[in-house]
Amino acid sequence: MSLRATARIAADADGGLPLLVSDGPLALRRTRAAGPYTGAAGSYAEASGPYTRVTVVGAMSAPLGGDRLAIETEVRDGARLLVDSAAATLALPGRSAEPAAYDLRITVGDGAVLRWLPEQLVSVRGSDLRMRTVVELAPTARLVLREEQILGRHGEPPGTLFTRLTVRRAGRPLLDQELACGPGAPGGWDGGAVLGGHRATGQLLVVDPAFAGKPVRAALFGENAAVTPLAGPAALATAVAPDALTLRRLLDRILSELAPF
Numbered sequence: 086m087s088l089r090a091t092a093r094i095a096a097d098a099d100g101g102l103p104l105l106v107s108d109g110p111l112a113l114r115r116t117r118a119a120g121p122y123t124g125a126a127g128s129y130a131e132a133s134g135p136y137t138r139v140t141v142v143g144a145m146s147a148p149l150g151g152d153r154l155a156i157e158t159e160v161r162d163g164a165r166l167l168v169d170s171a172a173a174t175l176a177l178p179g180r181s182a183e184p185a186a187y188d189l190r191i192t193v194g195d196g197a198v199l200r201w202l203p204e205q206l207v208s209v210r211g212s213d214l215r216m217r218t219v220v221e222l223a224p225t226a227r228l229v230l231r232e233e234q235i236l237g238r239h240g241e242p243p244g245t246l247f248t249r250l251t252v253r254r255a256g257r258p259l260l261d262q263e264l265a266c267g268p269g270a271p272g273g274w275d276g277g278a279v280l281g282g283h284r285a286t287g288q289l290l291v292v293d294p295a296f297a298g299k300p301v302r303a304a305l306f307g308e309n310a311a312v313t314p315l316a317g318p319a320a321l322a323t324a325v326a327p328d329a330l331t332l333r334r335l336l337d338r339i340l341s342e343l344a345p346f
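Quick note, my numbering runs 85 ahead of the 1-based positions in the sequence shown.
Careful: at least some of the hints might be erroneous.
[Claimed, not checked] Taking CB as the label site, the calculated pair distances span:
id : residue 1 : residue 2 : range
1  : Arg190    : Arg115    : 14 to 22 Å
2  : Asp195    : His239    : 40 to 48 Å
3  : Ala316    : Gly273    : 24 to 32 Å
4  : Arg89     : Gly277    : 39 to 47 Å
5  : Ala316    : Ser181    : 37 to 45 Å
6  : Pro178    : Leu330    : 20 to 28 Å
7  : Ala303    : Leu330    : 25 to 33 Å
8  : Gly240    : Glu263    : 25 to 33 Å
9  : Gly272    : Thr225    : 40 to 48 Å
Just so you know, the hints here were simulated from the structure itself, not pulled from any lab data.
Ideal placement from N, C-alpha and C gives every residue a C-beta, glycine not left out.
Please work from the sequences and hints to get the whole structure.
Have a look at this one:
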């Protein structure tokens with residue numbers, strides 16, 4: 086039987102969580118307050134003020150084929166929220182022939198900060214997942230959002246994975262990007278123009294009004310990662326790697342340079 090579940094988060098400027106609702110396999114837990122992420126060591130510094138922290142804990146195996154899961158997050162004006170996860174998310178095959186869906190719907194208010202830093206999404210052989218992330222940002226909102234996809238567990242081919250990230254700032258489009266991998270994806274996804282045979286891919290989006298006065302410059306980070314300024318106070322880092330650990334190290338390095346808040 087397929088699951089239908091929607092978890093909800095709302096964060097206030099005083100550090101409160103007036104809404105923290107778990108549902109089905111999506112268990113939300115308030116965890117120790119934290120400051121900005123400092124990099125590969127995995128710690129959070131207190132230099133620029135604490136964050137309210139919510140950790141997504143998987144209560145059961147999901148998403149399976151046919152499941153419809155969602156997390157709705159509201160970061161209210163002036164709030165500082167960090168959302169992470171306790172473990173990787175595994176997209177798994179299920180009894181239903183229908184693809185699974187996992188939707189993230191996020192709003193960030195004026196003067197608010199969101200750091201969305203979950204663990205990796207692993208596309209397991211035989212799975213079929215459609216993942217959609219939609220973010221609405223107020224003009225003075227700041228955002229760090231990381232996505233990492235691992236194509237198959239060790240030694241196995243990937244499942245089918247379609248992801249789309251749509252971000253609007255002050256009601257105007259900032260980024261709209263899709264990625265399709267695995268069986269059923271358009272041809273060429275594993276070729277030199279996309280993944281180049283790598284098994285791990287990810288992106289890091291940083292939106293900061295401070296970039297309007299000091300734009301981010303385009304840069305390469307080794308052979309497999311690049312930072313691109315967007316048409317707005319934002320920068321997008323994209324990377325491919327042979328494995329999850331190498332990918333995380335690349336994105337951590339970029340994060341430490343782009344987002345000191």
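Evaluation of the provided hints:
Checked against the hint of 14 to 22 Å, the C-beta distance between Arg190 and Arg115 comes to roughly 20 Å, which is consistent with it. For the pair Asp195 and His239, the supplied restraint of 40 to 48 Å holds, since their beta-carbon distance comes to about 45 Å. Our hint of 24 to 32 Å for Ala316 and Gly273 holds, since their Cβ atoms are close to 27 Å apart. Our hint of 39 to 47 Å for Arg89 and Gly277 holds, since their Cβ atoms are close to 40 Å apart.
At about 40 Å, the CB distance of Ala316 to Ser181 agrees with the hint of 37 to 45 Å. The given range of 20 to 28 Å is respected by Pro178 and Leu330, whose C-beta atoms sit roughly 25 Å from each other. Checked against the hint of 25 to 33 Å, the pair Ala303 and Leu330 passes, with Cβ atoms roughly 26 Å apart. Take Gly240 and Glu263: their Cβ atoms lie about 28 Å apart, and the range 25 to 33 Å holds.
Between Gly272 and Thr225, the C-beta spacing of about 43 Å keeps the proposed range 40 to 48 Å intact.
Checked against the numbered hints above, the structure violates none of them.
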